[in-house]
Every structure is written in C-alpha cells, then in structure tokens.
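Novice: Here is how the chains run, residue by residue.
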Amino acid sequence: MYAQMVKSTGHGVKPLDEMDPQERAFQERIDAGDKIEPKDWMPDGYRKNLIRQIGQHAHSEIVGQLPEGNWITRAPTLERKAILLAKVQDEAGHGLYLYCAAETLGVSRDELTRMLLDGKMKYSSIFNYPTLTWADMGAVGWLVDGAAIMNQVPLQRTSYGPYARAMVRICKEESFHQRQGFDIMMKMANGTDAQKKMAQDALNRFWFPSLMMFGPSDKDSVHSAQSMAWRIKMNTNDELRQKFVDQTVPQAEYLGLTVPDPDLRWNDETGQYDFSEPNWDEFFDVISGNGPCNTERLNTRKQAWDDGAWVRDGMLAHAAKRKSQGIAAQ
Amino acid sequence: MSDGLFQFLLRMGDNTLVLGHRISEWCGQAPGLEEDIALANTALDLIGQTQMWLGYAAEVEGAGRTADDLAFLRDVWDFRNLLMLERPNLDFGHTITRQFFFDAFHVLLLTRLQASSDARVAEIAAKSVKEAAYHLERSADLVIALGDGTDESHQRMQSAVDLLWPFAGEMFAADDVDNAMAAAGIAPDPASLRAEWQRKVDQVMADATLTLPESQFAHQGGKTGRQHTEHLGHMLAQMQWLQRAYPGATW
Numbered sequence: 001m002y003a004q005m006v007k008s009t010g011h012g013v014k015p016l017d018e019m020d021p022q023e024r025a026f027q028e029r030i031d032a033g034d035k036i037e038p039k040d041w042m043p044d045g046y047r048k049n050l051i052r053q054i055g056q057h058a059h060s061e062i063v064g065q066l067p068e069g070n071w072i073t074r075a076p077t078l079e080r081k082a083i084l085l086a087k088v089q090d091e092a093g094h095g096l097y098l099y100c101a102a103e104t105l106g107v108s109r110d111e112l113t114r115m116l117l118d119g120k121m122k123y124s125s126i127f128n129y130p131t132l133t134w135a136d137m138g139a140v141g142w143l144v145d146g147a148a149i150m151n152q153v154p155l156q157r158t159s160y161g162p163y164a165r166a167m168v169r170i171c172k173e174e175s176f177h178q179r180q181g182f183d184i185m186m187k188m189a190n191g192t193d194a195q196k197k198m199a200q201d202a203l204n205r206f207w208f209p210s211l212m213m214f215g216p217s218d219k220d221s222v223h224s225a226q227s228m229a230w231r232i233k234m235n236t237n238d239e240l241r242q243k244f245v246d247q248t249v250p251q252a253e254y255l256g257l258t259v260p261d262p263d264l265r266w267n268d269e270t271g272q273y274d275f276s277e278p279n280w281d282e283f284f285d286v287i288s289g290n291g292p293c294n295t296e297r298l299n300t301r302k303q304a305w306d307d308g309a310w311v312r313d314g315m316l317a318h319a320a321k322r323k324s325q326g327i328a329a330q
Numbered sequence: 001m002s003d004g005l006f007q008f009l010l011r012m013g014d015n016t017l018v019l020g021h022r023i024s025e026w027c028g029q030a031p032g033l034e035e036d037i038a039l040a041n042t043a044l045d046l047i048g049q050t051q052m053w054l055g056y057a058a059e060v061e062g063a064g065r066t067a068d069d070l071a072f073l074r075d076v077w078d079f080r081n082l083l084m085l086e087r088p089n090l091d092f093g094h095t096i097t098r099q100f101f102f103d104a105f106h107v108l109l110l111t112r113l114q115a116s117s118d119a120r121v122a123e124i125a126a127k128s129v130k131e132a133a134y135h136l137e138r139s140a141d142l143v144i145a146l147g148d149g150t151d152e153s154h155q156r157m158q159s160a161v162d163l164l165w166p167f168a169g170e171m172f173a174a175d176d177v178d179n180a181m182a183a184a185g186i187a188p189d190p191a192s193l194r195a196e197w198q199r200k201v202d203q204v205m206a207d208a209t210l211t212l213p214e215s216q217f218a219h220q221g222g223k224t225g226r227q228h229t230e231h232l233g234h235m236l237a238q239m240q241w242l243q244r245a246y247p248g249a250t251w
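Protein sequence lines correspond, in order, to chains H and Z.
Residue numbers for the first sequence follow UniProt numbering, beginning at 1 and rising by one.
Residue numbers for the second sequence follow UniProt numbering, beginning at 1 and rising by one.
Extracted from the complex, chain H is given alone in its bound form (with noise of 0.2 Å):
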C-alpha cells in the first residue's frame, strides 16, 4: 500500500439525511458503485482526500525508483539487470499514470512535485529503508509488491474512475513484479551458504517494515471512515495486513526462510495467523522523516528536480520558440 495516513478532510461520515441535496445524491451514487468521473460534481472533500492519496501513491512510485535503482548498476547478470530496468521503468510510468488521474482533479504534476520536495506531500513509509544487498531485490519484489498489490487489487474498485483506471494497467505490472521478486528469492535461497544469509537477512529487515505499509491498527486510524464511505478505500489497514501475512508466511516456509516474528503461529479457531504488531513507534519517526534513508531519498529527488532545470527550461523555450515559428509562418 503506497498510501498510508492520508488525512481525511471531512469530521467523521455524515449520515445520508443530515446531507444537503447536492451531497446526497454523490453519496447515493458512490453507494450504489457508480463511477465518478472528472467533471461531475463532487464535494471539496473527497477531491482533496483523492488529491493526497493519489499523490502519494504517484510520489512513492518515484521514490521507490530510488531503493531498487541503488541495485541497477549491481545487477549481477545481464538478464537480471534487464529485468530491474524494466521494473524500475513500469514504476516511472505507474509514477506517470496516476500523476494523470490526479490532474483530472485539477492539480499539475509540477505543484505535487513541489509538495514533495517540501516536505509537504508524503510518500511510503518503505521507501526510507535501506537495500544492502542483491537479495533485497528479491524482498522488494516479493514482500513490498506484495503488500502494494493486496491494497491495489481492491481499488481497481474505487469510486474515482480514473484512479481505478490507472489501478488496473497498475495492477497488471506489479503482480509480474512480485513473482520476479519471488524468483530472485527462489534463487538466493537454493543457492550457496552466503546466499541463503542475504535471502534471511533481507527478510529480517524487511518483514515489520512491509507490516508498516497497510498503515496503523485500525483501532489508531483516525482517516478510515469518511474515505472508506467514499470508497476511495476499500477494507481497513488491519484486514489487509492480516490477508498479506496469511498469504505470505506460506511462502516464506516454501522458500525454507523464517519469519522474525516468534509469537507468529497459526490460530486453528480464527483460520488465519496470529502475528505480532509492528513497532509503531519505529513507523511514526519514519513517517515523520527519521527513517534510515528519508534523507538521502529527499535530497535525491530534489538533485535531480534542480539539476533538470536547466533541461526544463531549455526544452520549454525551445517548444515556445518553435511555435511563435510557426505561428509567424502562417
């Protein structure tokens, strides 16, 4: 999940009758699972809730470029370099696609792209933690497009049609993602003694943080209720964690890796896992720009943003020119 604490504008979820005309019949329509598109009315509210939510997910596909990009050059064949450059080019243009769909609701990719560079506008919390070696890859893949696709999938069904748009082409992409993720996981854990240590090692670091990615216990959630009547959020942070660790564990005891988590075990009356909640406290200093790499991934975007200006600018100027061109042709 690329979104996570996105501040509900509204003060909890009004009832129907308590709403003016106007109000209702949205609501009415978003109950009944029709499309909103970018030129109905809707209330101030749901456009800026989408506004943040669609952002970040759109800034957490850039910065994500960020944790597998530091592995490109690294790569250790050349098939596996092409596959992460692939991997890294569909999350531009996953980057690309909901930039778009946040457009149609009237804000520009350059005023989001200035909210992140400020500090303004979040992205996810994973995206701020290291990736030290090549199995990394393989958990990123597997644990981090894993958690990513179980909140993706349900909002192909979201209320705003083009963020369930984008969703789809989205969805499609990263389902691939995680099986090659699950691939270079395979590999590291049939491999030589030093690679089985990557593959647990990577899954020791990043276990909890993926944890982290559906966001805090619902009982702490305090944005679910409006955006979830909205559905611009499908199931609660606490249902999509305990579907991600149901699905997961398997896998790790298929790869042979064990899950850092002692009190995980399997609860026969609920039929699903129990599991230990993440440290909540390590979340929000992340979240508040304490992670291990929120720094450095700022200021990479930030680099990159003032070191393009001058290509910016030139490629502007040079289209004004050739259209003043053109115009003094005719």
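Hints in this document: simulated from the structure, not taken from any laboratory.
There's no promise every hint is true.
[Said to hold, decoys possible] Footprint (simulated), chain Z over chain H, 3 or more residues, beta carbon under 8 Å:
{"id": "1", "stretch": "93–101"}
{"id": "2", "stretch": "310–320"}
[Said to hold, decoys possible] 16 Å max Cα-Cα, derived EDC-like pairs, lysine to aspartate or glutamate:
{"id": "3", "chain 1": "H", "residue 1": "K187", "chain 2": "H", "residue 2": "E173"}
{"id": "4", "chain 1": "H", "residue 1": "K321", "chain 2": "Z", "residue 2": "D207"}
{"id": "5", "chain 1": "H", "residue 1": "K321", "chain 2": "Z", "residue 2": "D3"}
{"id": "6", "chain 1": "H", "residue 1": "K321", "chain 2": "Z", "residue 2": "D151"}
Fair warning: this is a prediction, and the values are worked out from it, not measured in the lab.
Using N, Cα and C, we set each Cβ at its ideal position, and we do this for glycine too.
On the provided structure of chain H, position chain Z as indicated by the hints.
Specialist: Okay, now just chain Z, sitting in the frame of chain H:
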C-alpha cells in the same frame, strides 16, 4: 576468421553493455519523468542487444563461456567498447550528446549489418536497428531542443559537443579486425559510414545552433583494447562485483 568475428562481436556487445550501464545510472534521477522512462527504456534495449551480441560472441569463441561470463568476468584489457561510451555521464547534456553521436553511428552500422554475410549478425542487427532508430530520433530531438533552448542549455550542450568530439573519430577508425570483417562481407568498413554520419550530425548541429570543433583529432584504444580510460575499471568494479565476490553462485 573466427577470432576476428569474436573480436567484432565483442565490440558490438561491449558498446551496448557499457553504454547501457552508463545510461542506467540515471535511474530515478533524470530531469523529468518522461526522460527517466526513456533513459531506462534505452538502457533496457541496449542490455537486450548485449545479450544477443555477447551470446553469439561466446558461441563463436567456443570456449564454454556465456554472455554473462563475458560481461562479468573479463577485465579492462579485454573490453572492446569505444572510449566515448565508458566516459562518465556528467550532466544530462553530455549524456544526450554522447547518445546522439553513438546513435547516429549505430543506426548506420546496424542498417548495413542487416545485409551481413553472417546470418546471425544480420538477424541480431535486424532486431536491434528499430530500437536504435528510435533512440536516434529521441537523442537528435533533445540535442536540437537543448542546443536551441535557453542560453544556459545552449552553453551546456556546446561544452558537451566540445568535450566529446575528440572521442567521435574512434567509431570510424578501421583496423585489421574491421578489414577482415569487410573482406568477408560480415560488416562494413567503418570508415565508409563516416560521410553519412557527418551529414546527419551537421544537420542536427545546425538545427541545434551548435558548432562542431574543427580539430579532427581522435582518441583511440577502446575498440582495440589497447588503452581504455581510467573510468572503465571503476565501472567494472561496480558491475562485476557480485560475480567476483561470490564465484560460482547462480543468481
């Protein structure tokens, strides 16, 4: 002949490997999202071409090596890429100018290689030439836009052209390997590509309001492997690290 063909295939594959690697260093750091995607796509094409060229090179050599062995387990003196391609990226202007000089050459070379007397060479060239043509379209457009853009972009592009120009001549310098390939109808004499390359470059420079230096001096030593720049060793230290640190592991 087979050693000549092996050397020629290494030149093709090392060019795409080394340039693909350099371009991939831009990942996540390009001036804009579209550029980031396009650079990753170019790198991906070049790595794909590397797999074909070095794969065939390994077969021709017949020593039981694979494309990966050639990419990850040779040292600097065995690399056969052009010096220009191993140079650091520097700014986006240098990256794109280098790409343009190479793309213009690559398209001409691959176009001719489609008629190679060696069926495998012709086949790989046919697969690669469409990608190279797209790379050229894009790099030429960017050189024109940035040369013509603002004072700053013009100045940066001119300094990139000035710095890279002495590395362009190596593309057209023929040696014994090239002569043997030309005699066997496997590849054209690189010198025969120069006039058409120059026409394309002159036209783009004119549209870009950029000026080529007058000197015809050309640094050499990359494609023959006689003397690479200091930069290649650092690139290989990074690229080959996992294979070197964990010999025998499969990934």
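Novice: Is the straight-line distance between the alpha-carbon of K187/H and that of E173/H 16 Å or less?
Specialist: violated, 22 Å
Novice: Do three or more residues of the stretch 93–101 of chain H come closer than 8 Å to chain Z, measuring C-beta to C-beta?
Specialist: Holds, because 4 residues of the stretch 93–101 of chain H bring their Cβ atoms closer than 8 Å to Cβ atoms of chain Z.
Novice: Against the 16 Å threshold, does the CA-CA distance of K321/H and D151/Z hold or violate the hint?
Specialist: With a Cα-Cα distance of about 13 Å, the restraint between K321/H and D151/Z holds, given a limit of 16 Å.
Novice: Take a quick look at whether K321/H and D3/Z sit within 16 Å of each other, Cα to Cα.
Specialist: violated, 53 Å
Novice: Counting residues of the stretch 310–320 of chain H whose CB is closer than 8 Å to a CB in chain Z, do you get three or more?
Specialist: Since 10 is at least three, the answer is holds.
Novice: Given the hint that K321/H pairs with D207/Z, does the C-alpha gap stay at or below 16 Å?
Specialist: Given that 16 Å is the threshold and the Cα spacing comes to 12 Å, the pair holds.
Hint compliance for this structure: hints 3 and 5 are not met, and every other hint is.
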